[in-house]
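Novice: Spelled out, the chains give:
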Amino acid sequence: MARYAMVIDLQKCVGCQACTVACNSEWEVPVGYARTHVHYAGPAGVIPHLVAGPYVAQCNHCSHPTCVRACPTGATYQTDQGSVVVNRDLCIGCGFCVEACPYGARFLDPVRNKVDKCDFCAARVEKGLQPACVITCTAHAKFFGDLEDASSSVSQMVYEKGARRNETPAVHIGPNVYYLGRKANVDLALASFAPRPPRLAAPGRFWRDAVKPLVLAAIGATFLGQAIAFFNQLVKGEGQFDD
Amino acid sequence: MSSKWTRRDWIRRSTVAGTAATVAAAEAATSPGRPGWQGASRVEQIATNCEMCFWRCGVLAEVREGKVVKLQGNPEHPLTEGRLCARGNAGTQLLYDPDRLKRPMLRTGARGEGKFREITWDQALDFLADRMTLLKQKYGPESLAFFPHGVASGFFSTLMKAFGTPNSAEPAFSQCRGPREVGYALTFGRGLGSPEPVDLEESKLIVLIGSHIGENVFTSQVTSFSTALERGARLIVVDPRFSVAAAKADWWLPIRPGTDIALLLAWMNVLIAENQYDRDYIAQYAQGMPELAAHVREFTPEWAEGITEIPAARIRETALAMADAKPAVALHPGRHATWYGDDTQRSRAMALVTALLGAWGRKGGIFLPTAIHAGAPKLPPFPTPARERADGAGTRYPLASEEQGLTLGLIDATLSGKPYPIKGWIVYGQNVLESIPLQARTRKAIDQLDLMVVVDVLPVDQVNYADLVLPEATYLERYDAPAIVASAKKPFVAIRQPVVDPLYDTRPGWWIAKQLAGRLGLGDYFPYDTPEQHLATLVKPLGVTTGFLRAHGAAAFEGRPYLDQRTPADGPLFPTASGKIELHSAMLQQLGFDALPRYTPPADPPLGYFRLLYGRAPVHSFARSENNAWLDALMPENQVWINSEAARDLHLEDGRRIVLENQDGARSLPVAVRITPGIRRDCVYMVHGFGHRSRALHLAYHKGTSDTQLMTRIDIDPIMGGTGMRVNFVRVLDPEREA
Chain A
1 MARYAMVIDL QKCVGCQACT VACNSEWEVP VGYARTHVHY AGPAGVIPHL
51 VAGPYVAQCN HCSHPTCVRA CPTGATYQTD QGSVVVNRDL CIGCGFCVEA
101 CPYGARFLDP VRNKVDKCDF CAARVEKGLQ PACVITCTAH AKFFGDLEDA
151 SSSVSQMVYE KGARRNETPA VHIGPNVYYL GRKANVDLAL ASFAPRPPRL
201 AAPGRFWRDA VKPLVLAAIG ATFLGQAIAF FNQLVKGEGQ FDD
Chain B
1001 MSSKWTRRDW IRRSTVAGTA ATVAAAEAAT SPGRPGWQGA SRVEQIATNC
1051 EMCFWRCGVL AEVREGKVVK LQGNPEHPLT EGRLCARGNA GTQLLYDPDR
1101 LKRPMLRTGA RGEGKFREIT WDQALDFLAD RMTLLKQKYG PESLAFFPHG
1151 VASGFFSTLM KAFGTPNSAE PAFSQCRGPR EVGYALTFGR GLGSPEPVDL
1201 EESKLIVLIG SHIGENVFTS QVTSFSTALE RGARLIVVDP RFSVAAAKAD
1251 WWLPIRPGTD IALLLAWMNV LIAENQYDRD YIAQYAQGMP ELAAHVREFT
1301 PEWAEGITEI PAARIRETAL AMADAKPAVA LHPGRHATWY GDDTQRSRAM
1351 ALVTALLGAW GRKGGIFLPT AIHAGAPKLP PFPTPARERA DGAGTRYPLA
1401 SEEQGLTLGL IDATLSGKPY PIKGWIVYGQ NVLESIPLQA RTRKAIDQLD
1451 LMVVVDVLPV DQVNYADLVL PEATYLERYD APAIVASAKK PFVAIRQPVV
1501 DPLYDTRPGW WIAKQLAGRL GLGDYFPYDT PEQHLATLVK PLGVTTGFLR
1551 AHGAAAFEGR PYLDQRTPAD GPLFPTASGK IELHSAMLQQ LGFDALPRYT
1601 PPADPPLGYF RLLYGRAPVH SFARSENNAW LDALMPENQV WINSEAARDL
1651 HLEDGRRIVL ENQDGARSLP VAVRITPGIR RDCVYMVHGF GHRSRALHLA
1701 YHKGTSDTQL MTRIDIDPIM GGTGMRVNFV RVLDPEREA
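Read top to bottom, the protein sequences are chains A and B. At position 176 of the first sequence (counting the first as 1) the number is 176 in this note's numbering, and the numbers step up by one without a gap. To get this note's numbering, take the position in the second sequence, counting from 1, and add 1000.
Any given hint might turn out to be false.
[What the hints assert, rightly or not] DSS-like, lysine-lysine: derived pairs with alpha carbons at most 25 Å apart:
| hint | chain 1 | residue 1 | chain 2 | residue 2 |
| --- | --- | --- | --- | --- |
| 1 | B | 1204 | A | 183 |
| 2 | B | 1115 | B | 1102 |
| 3 | B | 1378 | B | 1540 |
| 4 | B | 1703 | B | 1102 |
| 5 | B | 1070 | A | 114 |
| 6 | A | 161 | B | 1378 |
| 7 | A | 127 | B | 1067 |
Read the hints as simulated data drawn from the structure, not as lab findings.
Whole structure, please, built from the sequences with the hints as guidance.
Specialist: What follows is the structure in structure tokens.
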């Protein structure tokens, strides 16, 4: 089993947003939306004792994702490699997962009317390529790999250099994006863009136990209805649609 | 004569009529892209180089059924190795910008009104050739001035020289790098060129003086910078603003604007007084050390503290940190260097610190270019202009580059008719209204012209003033002369080739220049029918085939970047008059200037005013990219940085829209305030390039404000004619409160 993760070295990152645009270009993200954002924290303090720096935000592919629980159709799920991905065919665009994500990493794509977010460039990684943001990063500040492979750069950065997750005592759902850098800068960046408590439209268990089966049943019923209509049409012939 | 060259024509021609057998063979062997199949569509990846700015990073364009679907970095490019910045990634949004200039246009309304009628290329070129001939007959060929920018302008430059005018000027010199090139050339015998050869990745200590790497993004420079940080290089940032780089620094020195020379003199004072400079290097390579030592003796850190507002202890500490790291100290020479009018002397002072640290030509300092010898088309000799340049380059401003000229000098000559009339302008890829201060004078000069021509891609404001508008193909649709870059550790040649056919009725610059030349009887200056032939002539002596370049994008050669690697073929180590590093400049002395740099205090802002500082953002290039849909989405407008305490005194709230008014009453467009502790309270800062006034730019129109518009005062560098622009002061008007 693999555990995909990313490490972002905030001391190297200059906040140039090459990652944002490369990602938008790769995945045809509508203008004004993004799967990965670059924010800037600070400056905080008083001249000349200031702290500031960039922060890169994206889906954290959490080990215990609140979005998966919130999804009524099972469109959002965790892969064997630990990535959290969205199956567009199953997504109904309800947006519950958008609210459930403490990191604001998800958005409703207004063109496709589906939820979208970073999927660790699953389609690229499958072909043996690195994610689009990683290969374009002008500062070589973004790293992607398997945390369980001790020889990977991400594993070394996390286990040897002490890369940190963006977690708070209130929200600790096992994010798999890690941040390196000077302590003061990382502290400020993580404090400035700390996760908010997930907003679950109703208790997660309620979704899982009651609503999700109902919705799935409804979808099933819809398919059944379609099938009935289809066979009806077959039986009646197409003549009546020809006008 | 074919009216339109396309990429397909080029590919066909090149295989049918390759200039040499070897080239033709290479064509056959190597296809120009890396074609493949993706689903049902054929996908090609075509290598070229970027022009979203002038760094020319390697690009691979993914083309599916004639459409560029994605741009990404070309991993085979020797300098940028597959990395591409936000702008480079967004290049498709320039190509497919619906606001692009689409067809040649002739002005029908008043200048500035923006009323045109569309004409054909034949009509446009006939019109222009007639007007140029008329100017030549009436006022002489020198009456035509040329305002180019970028590598593509070489073809037009050839045309201008053939036509007989010496009057060509670009902001790259007098509004940007000029003082730096002159200051370093006076000291070491050579300037830096672009990309500047700063050995960031090998340095142990990086010193940035006003350079805002990270906000100013040149892909490979950011890579080198961050690599150095990862390897543990320390960083000194001298900047009145807490820049992105400053936030990574070990020492941030928030200097009082305009006092950099005082700091540099004090650093030299410490290095020499404490015997911490590279004595062997200076003894071996430099002359003028006794004069320099005597000169800086009085400029102690304590003296500088009163001027720069940097504590003497910090000045001493940073000087000693440099001494510790020498010679691997990368004191970045900067890029946009036209600040206060004494900029050549500031650049000299930076060069002297570099010399004292033994960092020129040494690992981790400034490395040396390695020339590669490209071919050149065989041209008839250019006519010798009957009159000298009208802008004072080489005369009034003795060390101004005569190749790059002085833009303001040409504008002055246009206004005054002296030393002789300038009656026509051809503006190619340059934005004369946004890159040159004193806009009102530029507009007035344009008003007096008999002929104003703009060759551009987008309908920026200056287009509205043109008599004739020629729509150029974008960099993704055209061939340009290849980048031949000596100032890289591995010198290289990189190609720009069309990845798709030109959209609309646009044409590449080389074609426009060649067509005009034909009509003017100057066709012999363009002895090639296809770009392929031109490219082959240039690269043949390098032992690289055009086919290889078209397939891979670039080819690199061995470099000798450090002094201890140089061979006689590289020429003298220090091509100065003395053959040594000239700490004390005999040349400056002869010309009546200070032979050693001296601090001259800049004028302070009047009460209630701030000094106007400006810079760049990583997602925009000058005033060129604001209409790009993807980049507009990331940064639609600029903001004015104002110090928190100053903002409190003015009762400003973060995000409020204000208007800035300068010392002469020039006003900005409304612009949002960014209140921050990250800037000194005696200055404000904004990103250059916003506040577009052309309604034809549907995204960029009236977003943010232009810094250039607030520059009604300049201080000219007497040595080389550079335009010091950080001498304008602004105060805050609050429209909400005054309404």
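Novice: All hints, please: hold or fail.
Specialist: Each hint, compared with the structure:
no. : hint            : result
1   : B/1204 - A/183  : holds, 21 Å
2   : B/1115 - B/1102 : holds, 15 Å
3   : B/1378 - B/1540 : holds, 14 Å
4   : B/1703 - B/1102 : holds, 24 Å
5   : B/1070 - A/114  : holds, 23 Å
6   : A/161 - B/1378  : violated, 59 Å
7   : A/127 - B/1067  : holds, 23 Å
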